[in-house]
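Novice: As a plain string of letters, each chain reads:
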Amino acid sequence: MLRSPLYCAVCSLPPEYCEFTGKLKRCKVWLRDAHPATYKILYDAEDDSVDAVSGKLAESSIGEEREEKLEKDLLKLQAKQENREQRELQMKLSSKVVIKREARTKKKSLVAISGLEVFEIDMKKLAKTFASKFATGCSVAKNVEKKEEIIVQGDVLEGVEKYIHALLEEKGLKDVKVEVVDVKKKKKPDTAAAGGDQSKSSK
Amino acid sequence: MFRKFTKEDVHSRSKVKSSMQRTLKAKLVRQYPKLEDVIDELIPKKSQIELIKCEDKIQLYTVDGEVFFFQKFDELIPSLKLVHKFPDAYPTVQVDRGAIKFVLSGANIMCPGLTSAGAKLPPAPGYENDTIVVINAENKVSAMAVGKLMMSTEEIKSINKGHGVEMIHHLDDPLWNFTVE
Ligand SMILES: [Zn+2]
Numbered sequence: 001m002l003r004s005p006l007y008c009a010v011c012s013l014p015p016e017y018c019e020f021t022g023k024l025k026r027c028k029v030w031l032r033d034a035h036p037a038t039y040k041i042l043y044d045a046e047d048d049s050v051d052a053v054s055g056k057l058a059e060s061s062i063g064e065e066r067e068e069k070l071e072k073d074l075l076k077l078q079a080k081q082e083n084r085e086q087r088e089l090q091m092k093l094s095s096k097v098v099i100k101r102e103a104r105t106k107k108k109s110l111v112a113i114s115g116l117e118v119f120e121i122d123m124k125k126l127a128k129t130f131a132s133k134f135a136t137g138c139s140v141a142k143n144v145e146k147k148e149e150i151i152v153q154g155d156v157l158e159g160v161e162k163y164i165h166a167l168l169e170e171k172g173l174k175d176v177k178v179e180v181v182d183v184k185k186k187k188k189p190d191t192a193a194a195g196g197d198q199s200k201s202s203k
Numbered sequence: 001m002f003r004k005f006t007k008e009d010v011h012s013r014s015k016v017k018s019s020m021q022r023t024l025k026a027k028l029v030r031q032y033p034k035l036e037d038v039i040d041e042l043i044p045k046k047s048q049i050e051l052i053k054c055e056d057k058i059q060l061y062t063v064d065g066e067v068f069f070f071q072k073f074d075e076l077i078p079s080l081k082l083v084h085k086f087p088d089a090y091p092t093v094q095v096d097r098g099a100i101k102f103v104l105s106g107a108n109i110m111c112p113g114l115t116s117a118g119a120k121l122p123p124a125p126g127y128e129n130d131t132i133v134v135i136n137a138e139n140k141v142s143a144m145a146v147g148k149l150m151m152s153t154e155e156i157k158s159i160n161k162g163h164g165v166e167m168i169h170h171l172d173d174p175l176w177n178f179t180v181e
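For the protein sequence lines, the chains are A and B, in the order given.
Note that the UniProt record's numbering has the first sequence beginning at 1, numbered continuously upward.
Note that the UniProt record's numbering has the second sequence beginning at 1, numbered continuously upward.
So that you can see chain A by itself, here it is in the shape it has in the complex:
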């Protein structure tokens, strides 16, 4: 009795509406491979022979002129969508993630991760993941540039770095730069006893 509707894996709509999303090219590739029968129904008649075109026009109730304009608009939409996707990819690839370790007290430090917002990563969810993964406190805060960053309590720089790399790779973004900054306390009053490692700590 119930239908189990098919939705496009590219644009999420029922495949018959893919033409209106501007993602039609990729939608068609997916549909052809995943559901060849549906593909045939939707697009098989779509060749450029005169018969096919005049058949399509005869089917259309909105007349030749409006149909032509609609087709033009849909092509424009598609070009716009493709440009936008290009731009977004460029932006993603050119931005970078910064993982910063800051000393809080002599013994305690925290790790701040910024630059994640362009990757459509749910910051709150990631904070929760870190909190349970490292059994520590973790929160989302706005930094001085008013951008969101994740603050993880504790000296977990290496673990965070590994996780971020894995996450980016999973999203097909492994070329994104990840910068690691390690800010140590400038004054380390009682390291002298342990060998006076002043030069290292001033970095």
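Because the hints were derived from the structure by calculation, they are not lab data.
It is possible that some hints are incorrect.
[Claimed, not checked] As a list, the in silico SDA-like pairs of lysine to any residue whose alpha-carbon atoms are at most 20 Å apart:
| id | chain 1 | residue 1 | chain 2 | residue 2 |
| --- | --- | --- | --- | --- |
| 1 | A | K80 | B | D172 |
| 2 | B | K34 | A | K69 |
| 3 | B | K81 | A | S4 |
| 4 | A | K69 | B | P112 |
[Stated by the list, open to error] What follows is a list of derived Cβ distance ranges for each label pair:
| id | chain 1 | residue 1 | chain 2 | residue 2 | range |
| --- | --- | --- | --- | --- | --- |
| 5 | A | L173 | B | F73 | 39 to 47 Å |
| 6 | A | R104 | B | R22 | 53 to 61 Å |
| 7 | B | K101 | A | M123 | 32 to 40 Å |
| 8 | B | D56 | A | L173 | 34 to 42 Å |
| 9 | A | K40 | B | K34 | 27 to 35 Å |
| 10 | B | V29 | A | G159 | 29 to 37 Å |
| 11 | A | A131 | B | V10 | 18 to 26 Å |
[What the hints assert, rightly or not] Here are a few chain A residues that face chain B, going by a calculated C-beta distance under 10 Å:
| id | residue |
| --- | --- |
| 12 | M1 |
| 13 | F20 |
| 14 | L70 |
A virtual CB, placed ideally from N, CA and C, is assigned to each residue, including glycine.
Knowing the structure of chain A, use the given hints to seat chain B with the ligand on it.
Specialist: Frame of chain A; chain B with the ligand shown alone:
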């Protein structure tokens, strides 16, 4: 209704008790009588309904994680995901092909898009003003939007200008893309 909806608009989530679940199902059937035969298939007894209260007094009801219907005032409004599973239960109108892209951008539907050759309205007496309607499109099988009549279907035919249907929910709007884990 969902033009600017985001996850930030969610205030609270709670599981619906089974007694309340029965009441809700009865209410759905009262509003859309043709759902009676399929309601236990759509929402099986063992499924979990969750109530998600949102900004602007919008309440979403999910069944096993998928939004099935919602309400702002008293009436329950089906989501497109629910409509697609069983489309025959709702008052339905059809717009012509030229109106599709406007509907998908969230615009209210103008009367001429409902009265042209590719469009369809029910024969008289039709539907009253304020009826929740499912919106189909010329040559398409699946519904693409849910709206509310701003005049009766007979008035749409006779007046034939201005807004005929207020847009509530359409394919690819934030509600369509809303997921809960
Ligand atoms: Zn698609």
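Novice: Indicate, hint by hint, whether the structure satisfies it.
Specialist: Cross-check of the supplied hints:
| no. | hint | verdict |
| --- | --- | --- |
| 1 | A:K80 with B:D172 | holds (17 Å) |
| 2 | B:K34 with A:K69 | violated (40 Å) |
| 3 | B:K81 with A:S4 | holds (10 Å) |
| 4 | A:K69 with B:P112 | holds (18 Å) |
| 5 | A:L173 with B:F73: 39 to 47 Å | holds (44 Å) |
| 6 | A:R104 with B:R22: 53 to 61 Å | holds (55 Å) |
| 7 | B:K101 with A:M123: 32 to 40 Å | holds (34 Å) |
| 8 | B:D56 with A:L173: 34 to 42 Å | holds (35 Å) |
| 9 | A:K40 with B:K34: 27 to 35 Å | holds (32 Å) |
| 10 | B:V29 with A:G159: 29 to 37 Å | violated (53 Å) |
| 11 | A:A131 with B:V10: 18 to 26 Å | holds (21 Å) |
| 12 | M1 | holds (5 Å) |
| 13 | F20 | holds (5 Å) |
| 14 | L70 | holds (6 Å) |
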